[in-house]
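K.L.:
Residue numbers (this note's numbering), protein chains in the order written: chain A, 98 to 413; chain B, 49 to 473; chain C, 464 to 817.
Since the hints were made in silico from the structure, they are not lab data.
Mixed in with the good hints there might be a few duds.
Listed next, the in silico BS3-like pairs over lysine-lysine satisfying Cα-Cα at most 27 Å (straight line) [unchecked claim]:
1. B/Lys-167 <-> C/Lys-545
2. B/Lys-445 <-> B/Lys-69
3. B/Lys-388 <-> B/Lys-354
4. B/Lys-388 <-> B/Lys-69
5. B/Lys-163 <-> C/Lys-545
6. B/Lys-460 <-> B/Lys-445
If you only want the chain B side, here are some residues facing chain C, beta carbon under 10 Å, derived [said to hold, decoys possible]:
7. Ala-179
8. Ser-181
9. Asn-247
10. Ala-251
11. Asp-253
12. Met-293
13. Ala-294
14. Thr-300
15. Ala-321
16. Leu-325
17. Val-340
18. Glu-342
19. Thr-385
Note that CB positions come from ideal geometry on N, CA and C, so glycine has one too.
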Amino acid sequence: MLDTLAQQLLLGLTNGMVFALIALGYTMVYGILEFINFAHGDVFMLSGFFALTLVGALGLQDAQGFALFAQLALVLVLASGFGALVNLLIDRLVYKPLRKAPKLAPLVSAIGVSFVLQNIGLIWGALPLDVFGGGGQPAAPKSFPALLPTDNLLGDAALTLQLKDVLVIGASLAVMTALFLLVTRTKLGMAMRATAQDPQAARLMGVDVDRVVAATFLVGGGLAGFAAVVYALYINTVYYQMGYQNGLYAFTAAVVGGIGNIPGAVLGGLLLGLVRAFSDQFIGAQWQPAVLFGILIVLLVFRPSGLLGSTAREKV
Amino acid sequence: MSTSGTPLRTSSDSPLLRVRKLTLRFGGLTAVSEVDLDVQPGEIAAVIGPNGAGKTSLFNAITGIYEPTSGEVELDGNDVRLPMTGKVVAGWLATGLASSLLFLFIAAGIDATWKAVVKAHPPWEFTISGAFSDLFAHFATGNALLMLLFSLVGFAIGALGARAVWLRSRRTPQGVALQGVARTFQNIRLFHHMGVLENVLVAMDRHLRRGTVGSGSAAKSALDGRFPHGAWLDLGLPAVCVVAMAGLGWTTGDGVDDETLPSILLLVMLGAALAWLVRLTRRGTLTGSSRVVEAVARQEAMELLKFVGLDKRAGDLANSLAYGEQRRLEVARALATRPKLLLLDEPAAGMNPSETVDLMALVRSIRDRGVTVLLIEHHMRVVMGISDHITVLVHGKRIAHGTPEEIRRDPKVIEAYLGADDGGH
Amino acid sequence: MTTESLLLIFAVLSPIFPVFDLAGEAAGLQLHLDQRLVTIFVYGILVVALNVQVGYAGLLQLGIAAFFGIGAMATGVMTVDKYPFHFGFWGALVCAPLVAAVAGVVIGAPTLRLRGDYLAIVTIGFGEVLRTVLINLENITDGPRGLNPVPEVWTPSWLRDWIGAGDAGEANLLVMYYTALLVLVAAVVVLKVIENTRIGRAFVALREDELAAACMGLDPGRIKLMAFAGGAALSGLAGCLYATNLTTTADPTNYDFNNAVMVLCCLIIGGLGSLRGALLGAALLIGFDNVLSPLLDRAIQVAVGDASHPLARFSSWRWFLFGFALIFMMRLRPEGLFPARRVAAELHDEPEEA
Chain A
98 MLDTLAQQLL LGLTNGMVFA LIALGYTMVY GILEFINFAH GDVFMLSGFF ALTLVGALGL
158 QDAQGFALFA QLALVLVLAS GFGALVNLLI DRLVYKPLRK APKLAPLVSA IGVSFVLQNI
218 GLIWGALPLD VFGGGGQPAA PKSFPALLPT DNLLGDAALT LQLKDVLVIG ASLAVMTALF
278 LLVTRTKLGM AMRATAQDPQ AARLMGVDVD RVVAATFLVG GGLAGFAAVV YALYINTVYY
338 QMGYQNGLYA FTAAVVGGIG NIPGAVLGGL LLGLVRAFSD QFIGAQWQPA VLFGILIVLL
398 VFRPSGLLGS TAREKV
Chain B
49 MSTSGTPLRT SSDSPLLRVR KLTLRFGGLT AVSEVDLDVQ PGEIAAVIGP NGAGKTSLFN
109 AITGIYEPTS GEVELDGNDV RLPMTGKVVA GWLATGLASS LLFLFIAAGI DATWKAVVKA
169 HPPWEFTISG AFSDLFAHFA TGNALLMLLF SLVGFAIGAL GARAVWLRSR RTPQGVALQG
229 VARTFQNIRL FHHMGVLENV LVAMDRHLRR GTVGSGSAAK SALDGRFPHG AWLDLGLPAV
289 CVVAMAGLGW TTGDGVDDET LPSILLLVML GAALAWLVRL TRRGTLTGSS RVVEAVARQE
349 AMELLKFVGL DKRAGDLANS LAYGEQRRLE VARALATRPK LLLLDEPAAG MNPSETVDLM
409 ALVRSIRDRG VTVLLIEHHM RVVMGISDHI TVLVHGKRIA HGTPEEIRRD PKVIEAYLGA
469 DDGGH
Chain C
464 MTTESLLLIF AVLSPIFPVF DLAGEAAGLQ LHLDQRLVTI FVYGILVVAL NVQVGYAGLL
524 QLGIAAFFGI GAMATGVMTV DKYPFHFGFW GALVCAPLVA AVAGVVIGAP TLRLRGDYLA
584 IVTIGFGEVL RTVLINLENI TDGPRGLNPV PEVWTPSWLR DWIGAGDAGE ANLLVMYYTA
644 LLVLVAAVVV LKVIENTRIG RAFVALREDE LAAACMGLDP GRIKLMAFAG GAALSGLAGC
704 LYATNLTTTA DPTNYDFNNA VMVLCCLIIG GLGSLRGALL GAALLIGFDN VLSPLLDRAI
764 QVAVGDASHP LARFSSWRWF LFGFALIFMM RLRPEGLFPA RRVAAELHDE PEEA
């Protein structure tokens, strides 16, 4: 029993890291634009496809030792860059012209973007590459090769700790620390926080709000790209609808932590990952969406500002 | 001269609005601090103060938009909160019971319960009483402790949730409005994309619902002495349609031997539905009485528009009006709720001198209609010209209260206004 | 658009499809317009229902498919042979909207304080919860298989003989067709009337400025619940017709988020708040999806010869259509193709700074 608990704890932690990485993208964009970037989950999904294509192109499934890790790092960097670029492109092409439109417009557009990206993912999955099973079955999940050794690092202990667990947690922590430093220690981060607090005032104080928004989308997309590789390494599949559900879960995480709040997103992601692991274990995986969204609903109803968020009053 | 802490009139006549030690805090910021304010029926009262003195916050607390951190707001001796009646408590209990039932079924397994109750027998052996005995039998097989626990938790969630929601909505803007307080907003908040007349009609919603529209301040029912021709058809036709449809389902669901009765029901259903739809199309309202009420309400709304001088613009969109006209439309809309007390938030803001003079006349004629007016204004000429009493707020605190003459001579006020930037531009 | 002209459209539309079907048969195509038109009508009702919530009251509700599913499932439970209720189609047509409306109130009540994007997310969440529940309560819903057979619309034999001129299959199709059309027309007529009454005005006032409306004595909670219940009831009605038309309650994945977005898409293309727009949006998009794209699929297959590759089917590209439709409409013509007067003005304004 204790072993099961520990195992679920570990699973929840790794899942939570992935949620947290995606949730950061939601929460940063919301903090600055007060807008739910509905397509964020699909940037995550497309980055997964990009990573899988790279893995195929580099022949990573056959690589060993140092070459494997060097190339894996390359894939991580490139996929992050890909996610960042896609996210920025979406913002410039779709959201930016709607900055002054009523709130409904960007949200509906984001839903539209989400569907376009999903269709791109669907068609991407039909590419006639070996890693995609030669195409032909666009909707089927594509298996992402298990690149990392699956030995138990703890030897014969009942608790299984694989290299990928360590990698997911370590890499995510590293990225989150970097993000934290970016936001708290750099000029850009200061500008971000200022803009999130009061765009008008920030603009008057000489902050280039447009640049800050661009940076936010870049960072958010990069985190999603990073999360995609981590997720694919961990779950070993990529498919065109993985962005929708994981995106919604991650959004839930962002809300749980208090949307717009960066530490909150991490906390929310971890909590949600743990809840998911334990509900899968004790309630049943088939009830997972019901449990997780049930939490979202209850939380939004009773404490819409989340665990770490502060309540805002409407100006009259 | 009277200054803070000593209300001008302490006589026995009861004020229409009575604010006592009202405090409003946002986080660390105290917007309003222990403010007292009395407004007597039939007067024009004003609240003045430099920018950021907490005037609008005070209005928001009075109108139920903000919940005061502490202090009292009373209208006509009534604290403008929903009373906790037996009906409310019954509502909590009912919500709790419904929720506990749901939790009970979850504990017993919804799927398994259905299987045990509905699917246990072939459909033709199903009876209601049998279903209940199956249900209890199924419950008996479950873990009693777990089911009890779930029911209790469910009851707690439902009842406490309903109570929390009720507590949160005890004092709401609509509740205050229904007690007879109407307001305008500093930044005009019309329904910009509705027509001018529609804006006024929206504010008459309560009277439309109750049928208490028509001229005169005593809300007399437009339907008094009139029962519109064929009113029973308005409810009768759809009811007949639905009942016939249900009957049709009842008689045909199991297969049919004799088609006579179902055929009749089908024809009755179609006939009633078509007749109802044709009636609706012809008349344009859901019921005959609502048509009468609507017509009277439109008349009343037009009178209000005429009162503020906008009757010629009744058909235009609200956002096509000039700034001063929008302010007057807001006043007409507020008056349409038939308030006892009208709060005007900087009514002269952005107006030119001639519009300002018109506004002063308008405020006086509102008072002459029997509506008490409380206004916030920067414009000293307006305030001094029309107010019976003035309260001065600085940094959320009341520093003076009195007639215009007293306020003009009050050294504290002079100091506050010389220290502040504007006052009488 | 007056309701008289609606009735006119009804009169004109009703005899149309047999002509096209015959022409199609002559050209060697199996059009099956009758069944596909019913789908368009069903979605028309759904779009009109969403219009009550999103168009009139401004509540961005993305869980409409859940109420659609509830309506279909209620119909299934109340009519199929394996359950003892046997209410028949007409009984289900009364009950399905009631069940859906109750669900609408239950779901609506706790979300009353939420606005805008938060409401959107919560309703998506509800949709997902419901879909999960429908799939998992296999003893009740038969899971992915769906409950079947849902009985056809009961009509007396003399009416059948008269409508189908003796052909039983034809009579079936025609009865379904007229029933769906009649329900749609009734819904539109009633909503058209409500638009110009106290309730219609209250919806719009709420959308424009909730706080100002509350300060005028309107109860936002009550109005929102009315919008929720009304829209849900209409969706339940649509669900009942949908299940009857398919003769099964179908796989619960039919009532997922994609479906809700499709309905939203119809509404936005047609024009938020505009009944005419809602109907034409449904006709355009669902018509494309159900009538045109199968035809084009066949054309492609004929042209390419062997077109077994999934990408050679329109269904693999349809989310581009919906996605780009949403993006371009929001950018270029946010009021939709056939806008309502009020919304058109609203969406072209810049929001005022508070």
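K.L.:
Work down the list of hints and note, for each, if the structure agrees.
P.N.:
Now the hints, each set against the structure:
1. B/Lys-167 <-> C/Lys-545: 8 Å, holds
2. B/Lys-445 <-> B/Lys-69: Satisfied, since the Cα-Cα distance of roughly 10 Å is no more than 27 Å.
3. B/Lys-388 <-> B/Lys-354: 20 Å, holds
4. B/Lys-388 <-> B/Lys-69: Holds - the C-alpha atoms of B/Lys-69 and B/Lys-388 are around 23 Å apart, at most 27 Å.
5. B/Lys-163 <-> C/Lys-545: Distance ~12 Å between B/Lys-163 and C/Lys-545 Cα, so the pair holds.
6. B/Lys-460 <-> B/Lys-445: Judged against 27 Å, a Cα distance of about 12 Å means the pair holds.
7. Ala-179: Holds, because the Cβ-Cβ distance from B/Ala-179 to chain C comes to roughly 9 Å (cut-off 10 Å).
8. Ser-181: 15 Å, violated
9. Asn-247: 8 Å, holds
10. Ala-251: 4 Å, holds
11. Asp-253: 5 Å, holds
12. Met-293: 5 Å, holds
13. Ala-294: 5 Å, holds
14. Thr-300: Hint holds; B/Thr-300 Cβ to chain C Cβ min 4 Å, cut 10 Å.
15. Ala-321: Holds - the Cβ of B/Ala-321 comes within 10 Å of chain C, reaching about 6 Å at its closest.
16. Leu-325: It holds, given that the least Cβ distance between B/Leu-325 and chain C is near 5 Å, below 10 Å.
17. Val-340: 13 Å, violated
18. Glu-342: 7 Å, holds
19. Thr-385: With a closest approach of 5 Å, the B/Thr-385 hint holds.
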